[in-house]
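Asker: Reassemble the complex: the two chains are provided individually, in unrelated frames, and hints are given to aid placement.
If you're matching them up, the sequences are chains A and B in order.
For the first sequence, the numbering used here gives the first residue as 3, with consecutive numbering after it.
For the second sequence, the numbering used here gives the first residue as 1165, with consecutive numbering after it.
It should be emphasised that the hints constitute simulated quantities derived from the structure, not laboratory data.
For glycine and all other residues, C-beta sits at the position ideal for the given N, C-alpha and C.
Misleading hints may appear alongside valid ones.
[To be verified] Only some residues are given here: those of chain A computed to face chain B with a beta carbon under 7 Å:
#1 28
#2 66
#3 93
#4 94
#5 128
#6 131
[Claimed, not checked] Derived EDC-like pairs (lysine to aspartate or glutamate); straight-line CA-CA distance at most 20 Å:
#7 A/36 x A/47
#8 B/1527 x A/98
#9 A/134 x B/1261
#10 B/1567 x B/1457
#11 A/134 x A/155
#12 B/1187 x B/1166
#13 A/36 x A/65
#14 B/1348 x A/63
#15 B/1348 x A/26
#16 B/1348 x A/55
#17 B/1367 x A/26
#18 A/36 x B/1296
[To be verified] Stretches of chain B that chain A covers, calculated by requiring three or more beta carbons in the stretch to come under 8 Å of a beta carbon on chain A:
#19 1246-1252
#20 1329-1335
#21 1406-1413
#22 1490-1502
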Amino acid sequence: MKRSISFSQAEIDEIREMAAHYPDKSAASIETLKLVQKYHRWVSDEALVAAADLLDMSPAELDGVATFYNLIYRRPVGRQVVHCCNSVSCWMLGAEETLETISAKLGIGLGETTADGEYTLLPIVCLGACDKAPVLMINDQTYFNVDRDRLNELLESREEI
Amino acid sequence: MERPLTQNIKSDGSTTLLPDYLKTGGYQGLRKAIREYTPAEIQQWVKDSGLRGRGGAGFPTGMKWSFVPMNMPQTKYLVVNGDEMEPGTFKDRWLMEGDPHQLIEGAVIAAYAIQAGTAYVFLRGEYHLAAERMRAAIAEAYENHYLGENILGSDFSLELHLHSSAGRYICGEETALLNSLEGKRATPRSKPPFPQVAGLWGKPTIVNNVETLCNIPHIIHHGVEWYRCLGLTDAGTKIYGVSGRVRRPGAWELPLGTTAREIIAEQAGGMKEGYRLRGFLPGGASTDFLLPEHLDVPMDYASVGKAGSRLGTGTMIILDDKTCPVRMVLNLERFFAQESCGWCTPCRDGLPWVAKLLEDLVKGRGRQEDLAILERMCSFLGPGNTFCALAPGAMEPLQSALKHFRADFENYLPEPIHG
Ligand SMILES: Cc1cc2nc3c(=O)[nH]c(=O)nc-3n(C[C@H](O)[C@H](O)[C@H](O)COP(=O)(O)O)c2cc1C
Ligand code: SF4
Ligand code: FES
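One chain only, chain B, in its complex shape (with noise of 0.2 Å):
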């Protein structure tokens, strides 16, 4: 089984300095591009191979670069997302520590095919290994001719630079980002007019995951075709990774739309001594809950959507029999509550009140109507009602735990007194 993203990662968790990343064909990808093809065919290239975005929302990648205005000369900006704040993913950090090379190369051809002079890596504030990793692989990269002036011979020409932020959630929210990249609160923007067309300091900009651009230089590399074929049902591999109660929790680089079954019975080793799978939040925080009769869905953008979730970052959680449902949903409801922005009303306001009567019940407080009320809060907080995607990805373990665990919560409330 092949494994380009991961394939120059050691399991001792030292990095991939530039010689070992050139021996498996490092910045071969690269040199092809900027030698071979104009940006227009590179966007081609990556729209044909079926990449979609790996940040939680799944937005197909060539496509999203194509809204870029390309007839007319200016300033523009590719963003590499790493903040990496939904509870329960840890993939990107793997990425950047592991093989920062690779990341460095995506960024470069993912500029190149917009004609972006300038990129931003914004990196979460506490990933100081990642950070330092970073840092001494784009100054490797500079030295040779990867970054800069005339980047290999050629007149294509990208300063990147490693932005090193202060924490919140909301950062990671791409419009958010690019106001905490200008140095500003980190609340959204109003989407349209989109970053792709007004985006940092109001050009045309790219952003996009860690993730995702590390797929970049294996595309070009080896090929449409090649690529397509590592996939089972969608194209490319995926970082799949697995956190809670099961033998061995971690992240593996595995075909996109491999089994959930084969991921944690498999790869995680299966559910450790004396504990049963109850349920699993299949790609972080805001997806909703799967069950133990969705073992066998392939972990695909469509397959998982058909289950009644999303794939979200990829990295499950899961949810042993052991552990209460809705205290598991009370800490994720905080988690939302304190990270939301506060720039709309539903979400600053719905938050707190959701994750209160979620503590009222859990300490034996709530009353009967709270379930109605809660229910009523997830389609009130739901998509469309507000500014960002933040507060519906609050709401989806949620109504999915209200369904999926219904005797749970009921069994919090105080018995009714009869009279």
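One chain only, chain A, in its complex shape (with noise of 0.2 Å):
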């Protein structure tokens, strides 16, 4: 593994803070990955060796745990990750349409990222608002009933993309 980064203060007491909830500094493995992804959106070998270090793990045993969680990403990903549900009900109510129609308009396929480093693709399962599907997930946001009309809405509000 290449060398350690550092991380800011801030960053070194949000990690142990979290820690303080569990008996073991190791429990906070996970939530830790998570915060080196809100300061840089993924896990690089050199933030992994660092936060391997701050919670007394080995780099290995750490990238084991990494390497378990689909929502920890050990690639980088764009600043916005759309994770599109292919569970069961959205399936039956279009998700493969909605996939399709999102793929043809950032450009990409599945575990793709645009070049211009602004969206990643990913496959989600049923993210519990079956009721309402085709459901996604951009980044930390839910949206409901995206079906090829509600895309396209959407998808001009949110202008960037």
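Answerer: Encoded structure:
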């Protein structure tokens, strides 16, 4: 692994505060990785080594955790991560069409990031809003009933797309 | 009709802050529990109430609590399972976003009943709005002495932390959840020992579903008799939900034992114009299909079991006559194959194989013997053969689809070539 980077004092404080919720520091591993993403968007090797150090874990051990969870990104992602639900109720109500539309619009397939680094497109399992299918999540925001029309509206309103 | 769990939840999607929660009797159950009753008495109340777990397995809640060793002083934990990732399930999010204090109150009473000093809400990472609202409500609860040191002036203290997760369906399985909470990969643990005896960091731990705990304040506040009478067949109310091609998909709090017909035809407004009901999964992705002939089955634990399925999470997924059941099952099995944690071989290797066979089938590349292989997989991955219940759950929609929708599977088989 490459050399580690250093976190800002604010980041370190936030990690310490989170770790204080548990009798064992390493229990804060997932929340720490999420914090790294809050500031750096994804978890680079350097960030992983630095985080492992703070948590008294080996980088390999922390990487084992990082690679298990699908919301921990071990590869660069865009500023906006678009997660399209592909579970059963959304699939039944046209999620595949929604995905095709968004994929064509952004010019990328699942798992890809636009050249300008703005968007990453990823699948996600049921978002717990199946009565409002199809559903998608962009960063922290969930959007409901996203059929083709609503998607066009949405893409225009988030005009950056 | 009384709807204690959702009485405060507004239709505009806003949350319930402390003053409004207090207006409808909020924290009265906690006050009563902590001031007037011993932990053993609270456990007995919950046992007598007939409350069963709403996380999918339906285990009696009071009985679960009674397995916690109470006779020696030691660290104990209460964990709220807010992982809600079972496809087709959308009830816990509603409860947490709409009335977070109700869950907090339920958790504090549960912690008191087992004398836990620390509690965690394990929340799935995607639930950002629920996280925000839970955090705000937890802060309000600390400020008003419903959490923290000497709750309501008693000698009971509880720290409650929100733990936001980072994906993977398996985290909802209670022993995998404990590993995840300890900051590890979420692979399940072998049982026994059960978490009630050796759970989080080896200490006695109770894991309960969000909806389960939301019932607790009302049981204590209004009493066991009142609570039992809320249900038609089993005790209490249930959050039922319907998704798929119905007129008004949604979730409703109804008496436990409401029939599928009432839920689908009345609450959900029946099928959308131009669609007919072909079947339904009564309680999320890992339950067996039921058919239109089962519409009059009361949606309670025993009746749904007798009809050949499980109440599960109580949120139904509708199969309409224009959706192919084979493709629907393929979607489900792809989900399960992807979400297998990889710990045990039958599940790790079996589920992708099942998904591949189904994929080949719908692409017209199926072979006559494939249906028999799929059937064998249903028992091979069935109860008792895998480390946790993910794989057996995955087989439930498949085995029932093979039984009820056989012709749909066969129609995909290429015509045998006669020479
Ligand atoms: C693969 C799998 C996923 C599960 N996911 C959840 C879940 O997201 N939420 C939940 O409450 N229970 C889930 N469960 C059930 C839990 O293991 C456990 O039974 C439940 O949290 C206990 O709470 P209850 O007794 O209050 O229902 C899952 C079980 C399995 C096998
Ligand atoms: S059944 Fe599947 S999910 Fe459960 S332990 Fe085995 S591999 Fe993991
Ligand atoms: S299936 Fe997409 S939100 Fe549940």
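Asker: All hints are to be evaluated individually against the structure, with a verdict given for each.
Answerer: Right, here's what the structure says about each hint:
| no. | hint | verdict |
| --- | --- | --- |
| 1 | 28 | holds, 5 Å |
| 2 | 66 | holds, 6 Å |
| 3 | 93 | holds, 5 Å |
| 4 | 94 | holds, 6 Å |
| 5 | 128 | holds, 4 Å |
| 6 | 131 | holds, 6 Å |
| 7 | A/36 x A/47 | holds, 14 Å |
| 8 | B/1527 x A/98 | holds, 17 Å |
| 9 | A/134 x B/1261 | holds, 16 Å |
| 10 | B/1567 x B/1457 | holds, 15 Å |
| 11 | A/134 x A/155 | holds, 16 Å |
| 12 | B/1187 x B/1166 | holds, 16 Å |
| 13 | A/36 x A/65 | holds, 13 Å |
| 14 | B/1348 x A/63 | holds, 9 Å |
| 15 | B/1348 x A/26 | holds, 12 Å |
| 16 | B/1348 x A/55 | holds, 16 Å |
| 17 | B/1367 x A/26 | holds, 13 Å |
| 18 | A/36 x B/1296 | holds, 15 Å |
| 19 | 1246-1252 | holds (count 5) |
| 20 | 1329-1335 | holds (count 5) |
| 21 | 1406-1413 | holds (count 5) |
| 22 | 1490-1502 | holds (count 5) |
The structure is consistent with each of the numbered hints, conforming to all of them.
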